[in-house]
Amino acid sequence: MEVGLTHYLVVSSFLFAFGLYAIITRKNAILVLMGVELVLNAANINFVAFSRYGNLGLNGQLIALFVIILAAAEAAIALAIVLNIYKTFGHVNIDEIDNLKE
Amino acid sequence: MTESSLISLAVTILFLPLAGFFTVLIFGKRYKKLYLFEVGIITVSLILSIITGFVKLTSYVNDTIIRQFTWIDFGNVPSIGHLAVKLGVQIDNVTVIMLFVVTLISTLVHYFSIAYMEGDPRFSRYFSYLGIFTFSMLGIVIADNILMIYIFWELVGLSSYLLIGFWYEKKSASDASMKAFLTNRIGDIGMFIGILILFTNYHTFSFQEIFESISNGVVPFGSNGWLTAAGILVFMGAVGKSAQLPLHIWLPDAMEGPTPVSALIHAATMVAAGVYLVARIFPLLTADAFLVIAVVGALTSFFAASIAFTQNDIKKVLAYSTVSQLGYMVMAMGVGAYTFAFFHLVTHAFFKGLMFLGSGSVIHAMHHEQDMRQMGGLKKKMPITYITFLVGTLAISGIPLTSGFLSKDGLLAGSWAFGNLTGHYLIPIIGFTVALMTAFYMFRLIIMTFHGEPRNQHKYDHAHESPKLMTVPLIILASLSIFIFYTPNPMNPEAGWFYNWVQTPQTVVPEEARFNFMKSESAETENEHTILAEDEHHTTENHTKTENEHVVHSEMYNEAMHHVHVPGMILSIILASLGILFAFIIYQWKKIDPDMLAEKLKPLYKLSFNKWYVDEIYSLLFIERLLDLSRFISWFDAKVVDGIVNYSATLTRAFSRVTGWFDTYVVDGLVNFIAFINGFFGLALRKMQTGKVQTYIVYVVFSVIIILLILRPF
Chain A
1 MEVGLTHYLV
11 VSSFLFAFGL
21 YAIITRKNAI
31 LVLMGVELVL
41 NAANINFVAF
51 SRYGNLGLNG
61 QLIALFVIIL
71 AAAEAAIALA
81 IVLNIYKTFG
91 HVNIDEIDNL
101 KE
Chain B
1 MTESSLISLA
11 VTILFLPLAG
21 FFTVLIFGKR
31 YKKLYLFEVG
41 IITVSLILSI
51 ITGFVKLTSY
61 VNDTIIRQFT
71 WIDFGNVPSI
81 GHLAVKLGVQ
91 IDNVTVIMLF
101 VVTLISTLVH
111 YFSIAYMEGD
121 PRFSRYFSYL
131 GIFTFSMLGI
141 VIADNILMIY
151 IFWELVGLSS
161 YLLIGFWYEK
171 KSASDASMKA
181 FLTNRIGDIG
191 MFIGILILFT
201 NYHTFSFQEI
211 FESISNGVVP
221 FGSNGWLTAA
231 GILVFMGAVG
241 KSAQLPLHIW
251 LPDAMEGPTP
261 VSALIHAATM
271 VAAGVYLVAR
281 IFPLLTADAF
291 LVIAVVGALT
301 SFFAASIAFT
311 QNDIKKVLAY
321 STVSQLGYMV
331 MAMGVGAYTF
341 AFFHLVTHAF
351 FKGLMFLGSG
361 SVIHAMHHEQ
371 DMRQMGGLKK
381 KMPITYITFL
391 VGTLAISGIP
401 LTSGFLSKDG
411 LLAGSWAFGN
421 LTGHYLIPII
431 GFTVALMTAF
441 YMFRLIIMTF
451 HGEPRNQHKY
461 DHAHESPKLM
471 TVPLIILASL
481 SIFIFYTPNP
491 MNPEAGWFYN
501 WVQTPQTVVP
511 EEARFNFMKS
521 ESAETENEHT
531 ILAEDEHHTT
541 ENHTKTENEH
551 VVHSEMYNEA
561 MHHVHVPGMI
571 LSIILASLGI
581 LFAFIIYQWK
591 KIDPDMLAEK
601 LKPLYKLSFN
611 KWYVDEIYSL
621 LFIERLLDLS
631 RFISWFDAKV
641 VDGIVNYSAT
651 LTRAFSRVTG
661 WFDTYVVDGL
671 VNFIAFINGF
681 FGLALRKMQT
691 GKVQTYIVYV
701 VFSVIIILLI
711 LRPF
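Chains as they are written, first to last, in the numbering used here: chain A, 1 to 102; chain B, 1 to 714.
Take the hints with a grain of salt, since some may be wrong.
[Unchecked claim] Think about it this way: if two alpha-carbon atoms lie no more than 30 Å apart in a straight line, the pair counts; the simulated DSS-like pairs of lysine-lysine are:
id : chain 1 : residue 1 : chain 2 : residue 2
1  : B       : K687      : B       : K316
2  : B       : K591      : B       : K606
3  : A       : K27       : B       : K602
4  : B       : K316      : B       : K171
5  : A       : K101      : B       : K687
6  : B       : K459      : B       : K381
7  : B       : K459      : A       : K87
8  : B       : K379      : B       : K591
9  : B       : K602      : B       : K591
10 : B       : K459      : B       : K591
11 : B       : K606      : A       : K27
12 : B       : K380      : B       : K590
13 : B       : K29       : A       : K101
14 : A       : K101      : A       : K87
[Claimed, not checked] Listing some non-contacts, in silico: residues in chain B with all C-beta distances to chain A over 12 Å:
id : residue
15 : L620
16 : R686
17 : T690
18 : G691
19 : I697
20 : V698
21 : I707
[To be verified] So, partial list: chain A residues that the calculated Cβ filter (under 10 Å) puts toward chain B:
id : residue
22 : I23
23 : T25
24 : I30
25 : L33
26 : M34
27 : E37
28 : V48
29 : S51
30 : R52
31 : E74
32 : V92
33 : L100
34 : K101
These aren't lab readings, by the way, just hints derived from the structure by calculation.
All of these numbers come straight from a predicted model, not from anything done at the bench.
Ideal Cβ positions, reconstructed from N, Cα and C, are used throughout, including at glycine.
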């Protein structure tokens with residue numbers, strides 16, 4: 001059986017789902033960040049797959065590169081935020097951080 | 001002197017006393033001597049009116065000078081056309097004679113009052129009131145339209161009110177002033193309606209223009225009846241002001257005012273204004289109106305004379321004699337003896353002014369004693385007052401050589417002629433009877449006051465002749481009561497200049513509304529001419545027009561008057577002498593005891609003494625009924641009107657209670673309910689707001705899924 005677009009999309013869907021699951025369920029902020037990375041990469045797979053099978057040419061792959069760079073920047077900022085949270089609360093358990101409620 | 005300077009002179013005469021009034025009223029309290037300004041200004045008025053009269057009666061004796069100006073211009077009024085209210089001044093012979101009479105008596109009264117009112121706390125205010133009275137009276141005299149007459153008419157009423165109630169601390173004086181004012185008001189309502197009838201139909205107030213319209217055949221609302229009504233209604237004003245029969249009650253009470261005021265206002269001038277008004281509207285009176293006026297005048301003169309018999313207050317006798325003489329004048333107007341009515345007005349003004357001032361002199365000497373039973377024998381103490389008073393009394397009784405004889409004789413002859421021509425003999429009979437009565441009660445007055453023995457020795461001892469300021473006016477007025485000022489022939493007034501100056505105006509009412517003897521013959525000839533030759537119609541009309549100007553009131557009437565002149569004169573002399581004789585028999589020689597006579601004729605005496613119970617009847621008929629009405633209205637107010645108000649208040653209260661309940665339970669309930677619902681949902685929704693990012697993400701994801709399911713983009 002030939003590997004086609006569908007397979008890629010299924011993989012990326014699973015990746016997206018797992019990422020989302022991680023974002024929603026994990027208590028640790030770091031793990032939530034990892035979930036975000038998964039979601040981003042799911043999107044990357046989609047871009048590359050459509051680039052290969054669709055008629056986007058190299059544009060899809062280019063955007064994927066952008067996303068990787070963006071993810072790196074996002075990780076840097078997010079980690080800085082997490083560090084600040086740790087400094088403020090003494091832990092990174094986001095279950096207990098519900099100041100938005102106020 | 002030109003006509004326009006005559007007009008300006010008249011206007012100056014009019015406004016001088018007004019200037020005096022304001023000056024003295026405003027500054028009189030500060031400068032005690034300021035009343036002299038008013039006295040001076042009225043003297044100037046007198047001199048100016050003498051000049052005016054002289055110029056008018058020499059240079060313009062046949063002219064009527066009228067100057068008008070537009071007061072209010074209404075512009076173009078729908079269905080009427082151009083409408084403007086004009087005021088103006090009219091100067092004819094009657095006007096200048098009245099100007100002279102009013103200013104002369106006013107001046108004399110001013111001088112008299114300086115002595116009479118000495119020491120009064122409101123001395124200068126008294127003079128300012130005299131000023132406004134003179135102003136308003138002169139306004140009536142020179143008015144050329146009925147509106148101005150009405151305005152000044154009311155001003156005269158006001159000044160009369162002020163002066164009657166001058167000693168307002170006395171209850172009787174303030175009551176009398178109100179009585180005079182209110183009684184006059186009743187007459188004035190009629191006058192006002194009459195004026196309105198005339199204005200509605202002719203759209204002008206000017207006498208001249210109204211007369212012109214009537215002589216062109218325009219009658220109010222197209223009926224002669226309305227013309228009669230207008231005449232009688234305007235005459236009602238005269239009934240009030242001249243104290244004619246139903247409305248005479250105020251004049252005797254008006255004697256509460258200072259005596260010089262009684263002389264000026266309530267004897268000589270103001271009360272004559274009614275007669276003057278009748279003289280002004282004379283041309284528009286119809287036969288019926290004439291008859292009403294004559295009957296009212298005749299009844300008044302008899303009625304008042306009968307009351308004067310028994311009065312003991314010297315001023316009351318004079319007051320009733322004034323009412324009686326005014327009745328004479330009105331009667332004379334009614335029978336068409338215009339000249340003699342006006343003549344009597346003038347002569348009466350002088351001799352009645354004289355007698356009132358004379359009585360003022362007596363009252364002054366007796367220290368404000370007015371009861372004749374306390375007097376007597378004053379002849380020796382006050383010779384000047386006595387002689388002048390006697391002249392006045394002779395004049396009013398109609399004794400030859402006096403002015404009163406001339407005018408009274410003329411008007412009695414006029415009434416007799418009227419009786420001959422129309423068959424209304426009752427009017428001359430009453431007229432002659434009153435002549436007898438007048439002579440009697442006037443001599444009763446003079447005998448009780450001046451003759452015989454003093455009845456009150458104490459007061460008699462203190463009596464003294466009045467100062468010059470009081471006696472000189474008496475002498476002037478007494479000399480004016482002599483015939484020579486009016487005619488060179490003491491037996492025939494028609495030989496005099498007065499008769500030539502005051503011509504009876506030509507009536508303007510339609511032929512069918514006149515007395516038979518007033519119908520003009522020229523009108524008949526005109527008809528004949530018209531039938532004979534249509535083409536000549538125009539010229540004939542012109543011809544008769546010019547003829548009309550020369551036709552006096554009525555040839556037939558004049559002839560009848562000439563016819564009865566001599567018998568009338570003889571009869572009136574006999575009757576006057578009889579009256580005087582009776583007075584002497586009863587009061588001087590005491591052949592008949594007056595008390596016994598009174599006892600014998602008790603019902604008549606009581607009737608006369610109590611003034612025919614007119615005041616009581618009015619009190620019973622009108623005043624009590626008015627009070628009843630007021631009581632009823634007060635009850636209505638208290639019970640019905642207040643009841644309605646209170647009921648509506650209760651209703652409002654009940655209603656507000658309902659709305660209050662509605663407010664607390666329904667409106668507030670609704671608001672609270674909404675708040676409760678909001679709170680309830682808030683409580684429920686609060687649970688969702690965890691503040692945890694992950695929960696929100698779950699919401700977002702589910703929301704997106706739901707939206708996708710709903711929209712189905714793929």
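So, going through the hints one by one against the coordinates:
1. B:K687 - B:K316: violated, 110 Å
2. B:K591 - B:K606: holds, 22 Å
3. A:K27 - B:K602: Between A:K27 and B:K602 the Cα gap is close to 137 Å, so the pair fails against 30 Å, i.e. violated.
4. B:K316 - B:K171: Judged against 30 Å, a Cα distance of about 18 Å means the pair holds.
5. A:K101 - B:K687: With a Cα-Cα distance of about 11 Å, the restraint between A:K101 and B:K687 holds, given a limit of 30 Å.
6. B:K459 - B:K381: holds, 12 Å
7. B:K459 - A:K87: violated, 131 Å
8. B:K379 - B:K591: holds, 22 Å
9. B:K602 - B:K591: Holds: B:K602 and B:K591 sit about 19 Å apart, inside 30 Å.
10. B:K459 - B:K591: holds, 27 Å
11. B:K606 - A:K27: Roughly 132 Å separates the two Cα atoms, so the pair is violated.
12. B:K380 - B:K590: holds, 20 Å
13. B:K29 - A:K101: violated, 92 Å
14. A:K101 - A:K87: It holds: about 21 Å lies between the C-alpha atoms, which stays within 30 Å.
15. L620: Holds, since 97 Å exceeds 12 Å.
16. R686: Violated, since 10 Å does not exceed 12 Å.
17. T690: violated, 6 Å
18. G691: violated, 3 Å
19. I697: violated, 6 Å
20. V698: Nearest chain A Cβ is 6 Å from B:V698, so the label is violated.
21. I707: Correct as stated: the minimum Cβ-Cβ distance to chain A is 16 Å, above 12 Å.
22. I23: With a closest approach of 6 Å, the A:I23 hint holds.
23. T25: holds, 8 Å
24. I30: violated, 14 Å
25. L33: violated, 12 Å
26. M34: Given a least distance of 14 Å, the restraint on A:M34 is violated.
27. E37: violated, 16 Å
28. V48: The hint is violated - A:V48 has no Cβ within 10 Å of chain B, the shortest such distance being about 21 Å.
29. S51: Not OK, violated: A:S51 not within 10 Å of chain B, min 21 Å.
30. R52: Violated. Min distance 21 Å.
31. E74: violated, 16 Å
32. V92: violated, 13 Å
33. L100: Where the cut-off is 10 Å and the nearest Cβ of chain B is about 4 Å from A:L100, the hint holds.
34. K101: holds, 3 Å
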